[in-house]
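Trainee: Below, each chain spelled out in residue letters.
2 protein chains.
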Amino acid sequence: MKIVIIGGSFAGIQAAITSRTYYPQAEIVLLEKQSEIGYISGSLSLLLQGKITNLDQLSWMSARQLQEEYQIDVRCNRAVVGLMEGNQLQLADNEIVSYDRLIIATGSGQYSRYGGEAGEAPSRILRFKKKSEAEVLLEWLPTVQKIAVIGGGQVGLELSEGLIHANKQVHLFESSSQLLFRYLDAEMAAPLTKSAAAAGVQLHLNAYVQELQEKNDQVTLITANEQETVDLVLVATSTRPDNSLWDDTLNLNDDGTIQVDRWMQTSRPNVFAVGDAVQVIFQPTGEAMYISLVNNAIRTAKLAAANLAGLKEEDSGTLRTIGNYLFGYYLGSTGLTESEGIFYSAPLRTQTLELPINLFTKEKQRIKLLVDEQTHQLVGAQIVSTAPVLEILNRFAEAIRLKQTIQQLQQSEEFFHPALNLPQPLMARIEDPYED
Amino acid sequence: MKIVIIGGSFAGIQAAITSRTYYPQAEIVLLEKQSEIGYISGSLSLLLQGKITNLDQLSWMSARQLQEEYQIDVRCNRAVVGLMEGNQLQLADNEIVSYDRLIIATGSGQYSRYGGEAGEAPSRILRFKKKSEAEVLLEWLPTVQKIAVIGGGQVGLELSEGLIHANKQVHLFESSSQLLFRYLDAEMAAPLTKSAAAAGVQLHLNAYVQELQEKNDQVTLITANEQETVDLVLVATSTRPDNSLWDDTLNLNDDGTIQVDRWMQTSRPNVFAVGDAVQVIFQPTGEAMYISLVNNAIRTAKLAAANLAGLKEEDSGTLRTIGNYLFGYYLGSTGLTESEGIFYSAPLRTQTLELPINLFTKEKQRIKLLVDEQTHQLVGAQIVSTAPVLEILNRFAEAIRLKQTIQQLQQSEEFFHPALNLPQPLMARIEDPYED
Chain A
1 MKIVIIGGSF
11 AGIQAAITSR
21 TYYPQAEIVL
31 LEKQSEIGYI
41 SGSLSLLLQG
51 KITNLDQLSW
61 MSARQLQEEY
71 QIDVRCNRAV
81 VGLMEGNQLQ
91 LADNEIVSYD
101 RLIIATGSGQ
111 YSRYGGEAGE
121 APSRILRFKK
131 KSEAEVLLEW
141 LPTVQKIAVI
151 GGGQVGLELS
161 EGLIHANKQV
171 HLFESSSQLL
181 FRYLDAEMAA
191 PLTKSAAAAG
201 VQLHLNAYVQ
211 ELQEKNDQVT
221 LITANEQETV
231 DLVLVATSTR
241 PDNSLWDDTL
251 NLNDDGTIQV
261 DRWMQTSRPN
271 VFAVGDAVQV
281 IFQPTGEAMY
291 ISLVNNAIRT
301 AKLAAANLAG
311 LKEEDSGTLR
321 TIGNYLFGYY
331 LGSTGLTESE
341 GIFYSAPLRT
351 QTLELPINLF
361 TKEKQRIKLL
371 VDEQTHQLVG
381 AQIVSTAPVL
391 EILNRFAEAI
401 RLKQTIQQLQ
411 QSEEFFHPAL
421 NLPQPLMARI
431 EDPYED
Chain B
1 MKIVIIGGSF
11 AGIQAAITSR
21 TYYPQAEIVL
31 LEKQSEIGYI
41 SGSLSLLLQG
51 KITNLDQLSW
61 MSARQLQEEY
71 QIDVRCNRAV
81 VGLMEGNQLQ
91 LADNEIVSYD
101 RLIIATGSGQ
111 YSRYGGEAGE
121 APSRILRFKK
131 KSEAEVLLEW
141 LPTVQKIAVI
151 GGGQVGLELS
161 EGLIHANKQV
171 HLFESSSQLL
181 FRYLDAEMAA
191 PLTKSAAAAG
201 VQLHLNAYVQ
211 ELQEKNDQVT
221 LITANEQETV
231 DLVLVATSTR
241 PDNSLWDDTL
251 NLNDDGTIQV
261 DRWMQTSRPN
271 VFAVGDAVQV
281 IFQPTGEAMY
291 ISLVNNAIRT
301 AKLAAANLAG
311 LKEEDSGTLR
321 TIGNYLFGYY
331 LGSTGLTESE
341 GIFYSAPLRT
351 QTLELPINLF
361 TKEKQRIKLL
371 VDEQTHQLVG
381 AQIVSTAPVL
391 EILNRFAEAI
401 RLKQTIQQLQ
411 QSEEFFHPAL
421 NLPQPLMARI
431 EDPYED
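Each protein sequence line maps, in turn, to chains A and B.
For the first sequence, the UniProt record's numbering assigns the number 1 to the initial residue and increments by one for each residue that follows.
For the second sequence, the UniProt record's numbering assigns the number 1 to the initial residue and increments by one for each residue that follows.
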């Protein structure tokens with residue numbers, strides 16, 4: 001069997017590794033458009049924050065490793081042009097690659113109404129998901145002082161923190177009324193907002209950027225209420241896949257993602273799609289959504305690989321679990337938020353715990369929990385702390401995935417150590433709506 | 001309803017708190033033999049290590065808090081003498097206390113073949129589970145230099161580390177061939193052994209102390225192969241409950257614990273027993289064992305309280321989950337160890353993962369997993385790392401408790417952040433014996 005994988009970021013690399021595990025004899029080819037694989041887009045902010053010294057330091061896996069450890073034929077600088085009849089792939093320069101099974105793991109870029117890809121023109125409106133884009137930003141950096149970041153999600157905040165660390169003047173524009181609105185309810189995001197402002201970020205909330213005007217080595221951002229002129233604009237709005245390549249050959253969804261079934265099969269035989277190229281099921285609502293996260297990339301890639309020689313495993317969807325460290329706070333979320341409750345089928349009970357992280361300290365963790373009042377199951381959890389407590393979130397994610405009721409969670413067991421946690425297990429502190 | 005609780009350590013305090021939640025109108029009395037409640041026996045080592053400045057700093061809850069926040073009638077300096085007919089309790093000084101429901105939460109002490117309780121004579125053979133015992137040790141400390149600790153479990157190791165920090169010469173005697181043998185397999189304990197020795201602890205493994213001879217302001221420890229003479233001996237062997245008080249009135253097990261059913265009821269109507277006074281079911285083997293851990297104290301206390309007015313909840317047992325920080329290593333264990341495999345009903349597959357803790361660092365975590373080859377369920381996990389990764393252990397404990405198969409764990413979700421963890425979820429790295 002010859003397996004061809006398009007894309008060398010998380011999904012593509014994982015698809016290659018898992019394919020090798022399942023099919024020791026297969027020929028496995030990985031095609032990547034860029035000159036290398038495994039770039040981690042978070043590297044840029046970590047570099048700006050001084051936590052790494054160059055963009056390559058944080059690579060998950062190099063082409064060489066993938067070749068030597070997993071016998072993958074990695075071919076970089078290969079741009080795919082489209083699908084042909086008869087299990088063949090058309091590349092640039094008239095190259096043709098045949099396959100028995102194809103996995104599309106092309107990921108996403110920052111395509112937005114603010115213009116095309118970075119690098120197309122010498123513009124001061126930048127993107128940075130790809131390494132080449134990050135390098136352009138790093139070249140600009142010494143010559144600019146006032147920088148606008150559009151988007152108050154994880155990426156926009158990471159960049160803002162990095163730029164503050166690099167002594168830049170930062171204006172952050174967010175169209176909603178709060179930071180990290182996809183993951184945290186407003187009151188859970190409040191400490192972060194305060195801390196980002198205290199660090200020097202000029203926050204513009206409820207500030208939808210309608211237009212960018214580039215003129216005289218500056219860019220002006222125009223919102224309904226104000227104008228701000230800066231030296232450079234970084235677009236950190238949500239990513240979208242560019243699947244125009246497959247317009248004529250695969251069924252696409254309205255948002256541009258490739259249609260797949262629960263086994264990651266596209267509308268065309270022998271062709272699978274994974275990661276940021278597809279939608280996933282958000283478990284709490286059962287709805288198919290575009291959720292661009294590494295854990296989805298990894299999970300769907302493994303599934304596709306498992307299903308190449310016969311359908312073995314279905315996707316059970318995602319809880320959209322994230323964790324980050326931003327402006328002095330560890331923040332994370334899994335499952336439903338309260339503000340999403342309106343899309344949920346049952347009434348929700350919320351509970352917020354303010355607990356010291358151990359018996360030693362007054363350092364606190366704030367945990368918000370959402371319980372379905374009908375099933376009495378945990379359906380969402382958010383956590384904020386100055387202490388590194390995010391691993392707890394993965395336990396909440398498991399409780400949600402396994403549809404544990406609050407009563408069942410009472411029997412959870414934790415180790416206890418006075419310097420590390422509290423005597424009463426966290427799970428046993430969740431209130432059961434039954435008790436009313 | 002009048003609820004009387006005997007004992008003011010973890011189990012007793014938790015029984016009082018939970019009783020108040022269930023029975024808002026009840027009269028609740030807590031009797032404690034010592035002059036205060038809530039002492040945490042780990043305080044002593046933390047004090048010696050300089051992490052706290054006095055023994056009271058780490059109290060879970062004071063008598064005053066319990067009275068004010070939960071309206072518990074806390075009575076200290078009350079020694080119980082025995083049970084009388086007609087729901088009455090005999091105290092010292094001819095005091096009699098009646099009850100509708102009684103919860104015995106008397107905990108355990110270090111009763112061993114090396115002699116009676118500390119304080120009975122001005123001896124250089126000390127115990128330290130109670131605060132009064134810890135205070136005796138602290139008085140001795142300035143005048144002694146060479147100290148022997150008997151027992152290489154959690155308590156013995158914590159004390160040894162504290163004494164090293166206090167610049168004492170420490171000899172640690174352990175009758176088995178390794179440290180922490182109840183919780184870790186030999187190879188998982190090896191880094192700790194090396195690190196304790198490097199810190200200056202003189203380790204005596206396979207060294208069962210047959211006799212202690214106290215003479216001329218010194219104590220000589222005698223094992224099969226050697227004699228060692230020291231200034232002071234600390235007995236850190238496993239604790240046992242002293243239930244001789246109930247010899248004539250309650251059914252006891254051979255190991256001195258009080259017999260209880262799954263609802264924490266003793267052989268006598270209206271009398272419950274919890275915590276270190278009873279045995280608990282070790283979930284992986286289904287065997288009733290004496291396992292002296294705070295999490296068992298908390299769980300059984302809550303159960304007893306829930307069952308006082310009618311049987312509501314059964315105990316599902318323990319996984320014996322522990323976590324500690326010793327000589328530079330975070331160490332923990334949940335469920336079965338490989339060396340216990342001989343007591344287990346099915347063959348076990350072991351797997352050891354050596355993983356960096358995130359994409360940034362070469363700092364490692366070593367995780368040993370045990371999988372039942374027949375059910376394909378996870379049944380045990382151990383972890384060792386220089387990094388604070390122990391919260392992961394609680395997730396393994398949940399997986400074991402919920403009888404997750406390795407295949408089911410493949411769908412586990414984790415957040416990903418390059419500076420905090422790895423892209424592939426930990427649970428998805430466990431090998432399934434099915435694959436052979």
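Among the hints, a few may not be true.
No copy labels: a pair is met if it fits in one copy or bridges any two.
[As the list claims (entries may be wrong)] Think about it this way: if two alpha-carbon atoms lie no more than 25 Å apart in a straight line, the pair counts; the simulated SDA-like pairs of lysine to any residue are:
no., residue 1, residue 2
1, Lys51, Thr220
2, Lys364, Ala387
3, Lys364, Gln210
4, Lys312, Gln408
5, Lys403, Gln377
6, Lys215, Ala92
7, Lys362, Ala387
8, Lys146, Cys76
9, Lys362, Ala198
10, Lys51, Ser316
11, Lys312, Arg429
12, Lys312, Lys403
13, Lys368, Thr350
14, Lys312, Glu373
Note that these hints are calculated values from the structure, not bench results.
Trainee: Now, for every hint given, state plainly whether the structure supports it.
Mentor: Hints, one by one, checked against the model:
1. For the identical chains of this complex, lysine 51 and threonine 220 are neighbours neither inside a copy (31 Å) nor across copies (54 Å), given an alpha-carbon limit of 25 Å.
2. Taking the shortest Cα distances, lysine 364 and alanine 387 sit within 25 Å of each other both inside one copy (8 Å) and across copies (21 Å).
3. When the C-alpha separation of lysine 364 and glutamine 210 is checked against a cutoff of 25 Å, the pair qualifies neither within a copy, at 40 Å, nor between copies, at 48 Å.
4. Taking identical chains as interchangeable, the C-alpha atoms of lysine 312 and glutamine 408 lie at most 25 Å apart only when they sit on different chains, with a minimum of 13 Å there against 30 Å within one chain.
5. In this homomeric assembly, lysine 403 and glutamine 377 come within 25 Å of each other (Cα to Cα) both inside a single copy, at 6 Å, and across copies, at 18 Å.
6. Within a single copy, lysine 215 and alanine 92 get their C-alpha atoms no closer than 35 Å, and across copies no closer than 91 Å, so neither meets the 25 Å cut-off.
7. In the homo-oligomer, the alpha carbons of lysine 362 and alanine 387 lie at most 25 Å apart both inside one protomer (11 Å) and across protomers (22 Å), since each shortest distance falls under that limit.
8. In the homo-oligomer, the alpha carbons of lysine 146 and cysteine 76 never lie at most 25 Å apart, since the shortest distance is 36 Å inside one protomer and 66 Å across protomers.
9. Proximity of lysine 362 and alanine 198 under a CA criterion of 25 Å is satisfied intra-copy only: 22 Å inside one chain copy versus 33 Å between copies.
10. For the homomeric pair lysine 51 and serine 316, neither the shortest alpha-carbon distance inside one copy (36 Å) nor that between copies (46 Å) is at most 25 Å.
11. In this homomeric assembly, lysine 312 and arginine 429 come within 25 Å of each other (Cα to Cα) only across copies, at 18 Å, whereas the closest approach inside a single copy is 39 Å.
12. Taking identical chains as interchangeable, the C-alpha atoms of lysine 312 and lysine 403 lie at most 25 Å apart whether they share a chain (23 Å) or sit on different chains (22 Å).
13. Taking CA atoms no more than 25 Å apart as the test, lysine 368 paired with threonine 350 passes inside one copy only; the shortest distance there is 7 Å, against 37 Å between copies.
14. In this assembly of identical chains, lysine 312 and glutamate 373 lie within 25 Å of each other by CA distance solely across copies; the values are 21 Å between and 35 Å within a copy.
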